[in-house]
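S.K.: Knowing the structure of chain A, use the given hints to seat chain B on it.
Those protein sequence lines, which keep their order, are chains A and B. Position one of the first sequence corresponds to residue 0 (numbering that gives the first Met the number 0), numbered consecutively onward. Position one of the second sequence corresponds to residue 0 (numbering that gives the first Met the number 0), numbered consecutively onward.
Errors might be hidden in some of the hints.
Residues on chain B that point at chain A, a partial pick, calculated with CB under 7 Å [said to hold, decoys possible]:
(1) 49
(2) 52
(3) 240
(4) 243
(5) 251
(6) 295
(7) 302
(8) 306
(9) 307
(10) 458
(11) 462
(12) 622
A few chain A residues facing chain B, derived, Cβ under 10 Å [to be verified]:
(13) 69
(14) 77
(15) 78
(16) 80
(17) 85
(18) 88
(19) 89
(20) 295
(21) 313
(22) 318
Keep in mind that the hints were calculated from the coordinates and are not lab data. These figures come from a predicted structure and were not determined experimentally. The C-beta atom is built at its ideal place from N, Cα and C for all residues, glycine as well.
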Amino acid sequence: MFGINQNCEIALPDTYYTLEDYQSNIPRWCPGCGDNSILTAVQRLCRDEQLAPEKTVFVSGIGCSSRLPHYMGTYGFHGLHGRALPIAEGVKIRRPDLNVFVNMGDGDCCSIGTAHWIHAVRYNMNMTVMLHDNEIYGLTKMQASPTSPQGLVTNTTPKGSYLKPIKPLSVTLGISNVSFVAQVAEWMPELMFEIIKKAYYHKGFSFIRIVQRCPHFTPHVFDDLMNPDSALLLQHEDGLSSSETMLKTYKEQEIHDPSNIDRARELADIDDVLPVGILYRNENIEVYDETRRRQRFVTHKMRKDALETQFDKFLIEPVSGGNGHA
Amino acid sequence: MDKVDTLAKNAPDQTGEKKKVIIKEHIIEIVSDAGEGAQKAGQSFGGISAKAGNGIWTVEIIPAEIQPPPRSKAGGSGNRIRVGSFYITNAGDEADLVVAFNEQSLLGRFESGNLKPDAIVLLEDKWRNHADPDIKKMYRDAIDDLKKTPLRIYEVPMEKECLKIVQNAQRGKNMWALGMLCSVYSRDLESARNEIRLTFAKKGEKVIKPNIDLLESGFQWAEENLDFKFEIPSAGITKPQIVINGNTAIALGVVASGMDVCAMYPITPATSASHFLSEIFENVGGVVHQAEDEIAAAAFAVGASYAGKCAVTITSGPGLALKTEVLGLASMAEIPLVLVDVQRGGPSTGLPTKVEQGDLLMSLFHTHGDAPKIVMAPATIEDCFYAPVTARKIAETFRMPVYILSDANLATGQQPFAKPEFKEEWVAPPFDQSPVPDGKQPYDWDEETGLSTRIIPGQPGGMHTVTGLAHSRQSKVAYEPWTNQEGMENRSKKLAAFQKTLQTPKVNGDDKGDILIVGWGSTKGVIEEAVNIARDQGYSVSSLHIKYLQPMASGIKEIMQRFKKVITVEINYSDSYKDKIFDENNRRYANLALLLRARYLVDVDCWSNVYGQPIKPHSILDLIKERSE
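Isolated chain A (complex conformation):
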């Protein structure tokens, strides 16, 4: 922490990054938007863990949440609606040295980019993924999202949304190679920070669903869940160990072993309370960016030799004189 390598007496880093180093443009989100607290949490993570800004990339899709990279002092890629994950995968396969974060909304992840979400879990590439789930399309002005609660009145569902919502955690936990699934709400800053930190240090694809208020279009959809008694705080020595304050605030608690996928799936399926914490973690899943690219250093000679080997396979050296007869 604080950029100081305690095992080394000589080479102290000459740079200490402050919070300001991770800030850029002033956020243009609405006052009270939950994205602000997510931004604060990731900036704090970068500062506390002293992630070199030039070695850190925030990739996003399109939507309110996806403006986040513009407000970071790191590198960023504000991509296309739904396509944050494949872009981030490309970055990671090219550059395993970079810290890759992905921020996307519920439209990005659970609707237009669903195929990418499912396969990204399967690839299990080393990145930290935040689903900002406000259960509404905000930037396009209040249309139902796949995570909108049934009956929600929106501009496209004036009689109330017709379908039951998709459950991002249940889906993620159903995909092979799932390696890290957590949930938190943006109104729990301390817990959110701890979870993002755990996610960052997890080797593999860390998926966090962050329940997030949209003060403009869905200010009240989470009213019930915002009552501290509606949260179910997941605790475990291998997961999160919350502070006294947290334990006092969130009295509903469960000791949940993050390696227990069956219980994780049950928790993901619960509707009336909000399980917060680490639902599932498995450090022993192969990471695609490592398994697919073992050999990276290539000299001109290696390339020339590889080509020559292939050319030889297809080489014909014409026999002068042409057609001999058997």
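M.R.: Same frame as chain A, now just chain B:
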């Protein structure tokens, strides 16, 4: 082209030796049910011929399904080999000789007009007395009908002969047929044996031995039973050549270019390029990522390019359609990208295994808004190899997507070309990751050229967020109207700057005259062959082939203006001027014709079709004759 006058010429003379007829070229087809190995036999015969110094062009005959119903007209699979005593650039006209493993595959080729009226047919005869009376009848009826045509049909006991050597004649008949062809075309048997040793090298002597036995048996049978024999003299090609198809060439070109990330999604007829790349890429630190869909493949490649070296994505038309939005992003955010589109018949699922050049206008204009990109089209298999090397360099220099438009004709065609000598300059130097000097911006557009230097993650002091939103030189979201205008202008300037580096394409033939045939992509060989024949016959015709379609080199307008008529020849759809409903107000032109008309205000006509087949030289010759009247 020289033809064999009569078979009588070939009848054994008094010494018992067959007379060899010397010919300039022959087109040979081998067709079978899928899985019977006709393609392999055809490729081997092409290889043997090339080793003998002949010019060759081979192309696969592919059914749309993996295992189409056996003995069906549309299910025939095989190979067409054009062999000549000169450099060959295309698949040619109708076939002179066809080897068929069943009469339905033969009928398929015959009815689609791919055989000369008097072609020699060497047909498997096992169906004549087949146990199934329906099959027996089908065969006999077909032969009875075909014998009424001028086709010269020889029924050959292929299966019977093969069964003397192997238990399952389906595995091996192709090598027996190869032996037969080697006899017919006076090939060196040892050269053929070597070809087999090479083909089955991995499988060992246990497989090589019976295949050589089959080869020799076929050879011997033909020596004893066929009353004709040909010889195609060498084309005098003596330098080492490599014989590969266009997709393999593109894959090798990707390796040679130094690119090391290829993201793709399976699509015919592009996938074999990725198959080949998958086998060899890891040896040079590369990775082929099979993405979950076409969009993801493009986005993955863009992500990889953004973080360093340029990446490549390989697809065909339907895939390009899906990738559209991502390519707009690459253009907007100025991220280099190489995209290979091995075109097939469209629209929709269209003709997946057949040739078409229907993606030109789409490549130029598919994105919403103005998104400059460079579009090039290889004309030969050799071009396919060098295209990724050039494209990578252009993409990185000009920070934009470069499209390589190949097609099914190049993808499955094989033509020898001089073995490339790898040059270090083909590969990009490692990316400079030194700190970014103060004041340097992510889009420091040069006033004259619009060019700027990329800043990539890892460079201290260069932190910024790239975005597909309209943005400023600092890569900040543009809220002022002039910022968007400025960005658009600069991205367009890059295209103009690149255009200044292009050379005017050379005219084939006189640089003025009655007719100019203009083409692009894989049709170069066939157009030039037809034009040269027409010129020999006294027609005032020349041809022009355009390799860079966007932007186009200077001087093309001036060339076109020196001809009375300009006609594009393309394999895509256009309205025929012969049909009454089409007139000047509603006629829809072929891709290149429309482009040339729009760009140069020259009255360019077009001739195109969508039979899904390579254009034959004589159809262009007919066109020249008709339009010269």
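S.K.: Each hint should be assessed against the structure and marked as holding or not.
M.R.: Hints versus structure:
Hint status for residue 49 of chain B relative to chain A: holds, with the closest Cβ pair at about 5 Å, below 7 Å. With a cut of 7 Å, the hint placing residue 52 of chain B at the interface with chain A holds, because the nearest CB-to-CB distance is about 4 Å. With 7 Å as the threshold, the beta carbon of residue 240 of chain B comes within range of chain A, its nearest partner Cβ sitting at about 5 Å, so the hint holds. Taken as an interface hint, residue 243 of chain B checks out: its beta carbon lies about 5 Å from the nearest beta carbon of chain A, inside 7 Å.
Of the supplied interface hints, the one on residue 251 of chain B holds, with its beta-carbon coming within about 6 Å of a beta-carbon of chain A, less than 7 Å. The interface hint given for residue 295 of chain B is met, as the beta carbon of that residue sits about 4 Å from the closest beta carbon of chain A, less than 7 Å. A distance limit of 7 Å between C-beta atoms decides the matter here; for residue 302 of chain B the minimum to chain A is near 2 Å, and the interface restraint holds. Look at residue 306 of chain B: its Cβ gets to within about 4 Å of chain A, closer than 7 Å, so that hint holds up.
Hint on residue 307 of chain B holds. Least Cβ distance to chain A is approximately 5 Å, under the 7 Å limit. Interface hint at residue 458 of chain B: satisfied, since its Cβ lies 6 Å from the closest Cβ of chain A, which is below the 7 Å cut-off. Because the closest C-beta pair between residue 462 of chain B and chain A is about 5 Å apart, less than 7 Å, the hint holds. This hint is violated: residue 622 of chain B has a C-beta 35 Å from the nearest C-beta of chain A, more than the 7 Å allowed.
Given the 10 Å rule on beta carbons, the hint for residue 69 of chain A holds: about 5 Å separates it from the nearest Cβ of chain B. Taking 10 Å as the C-beta contact cut-off toward chain B, the hint placing residue 77 of chain A at the interface holds, the least distance being around 4 Å. Interface hint status for residue 78 of chain A: upheld, as the beta-carbon distance to the closest one in chain B is roughly 7 Å, under 10 Å. This hint holds: residue 80 of chain A has a C-beta 8 Å from the nearest C-beta of chain B, less than the 10 Å allowed.
Given hint, residue 85 of chain A at the interface with chain B, holds; its Cβ is 4 Å from that chain's nearest Cβ, closer than 10 Å. Hint status for residue 88 of chain A relative to chain B: holds, with the closest Cβ pair at about 5 Å, below 10 Å. Taking 10 Å as the C-beta contact cut-off toward chain B, the hint placing residue 89 of chain A at the interface holds, the least distance being around 2 Å. For the restraint placing residue 295 of chain A at the interface with chain B, the shortest Cβ-Cβ distance is roughly 5 Å, inside the 10 Å limit, so the hint holds.
For residue 313 of chain A, the suggested interface contact is upheld, since its CB lies about 4 Å from the closest CB of chain B, less than 10 Å. Interface restraint check: residue 318 of chain A against chain B, minimum CB-CB distance 6 Å, threshold 10 Å, status holds.
Of the numbered hints stated above, the single one contradicted by the structure is hint 12.
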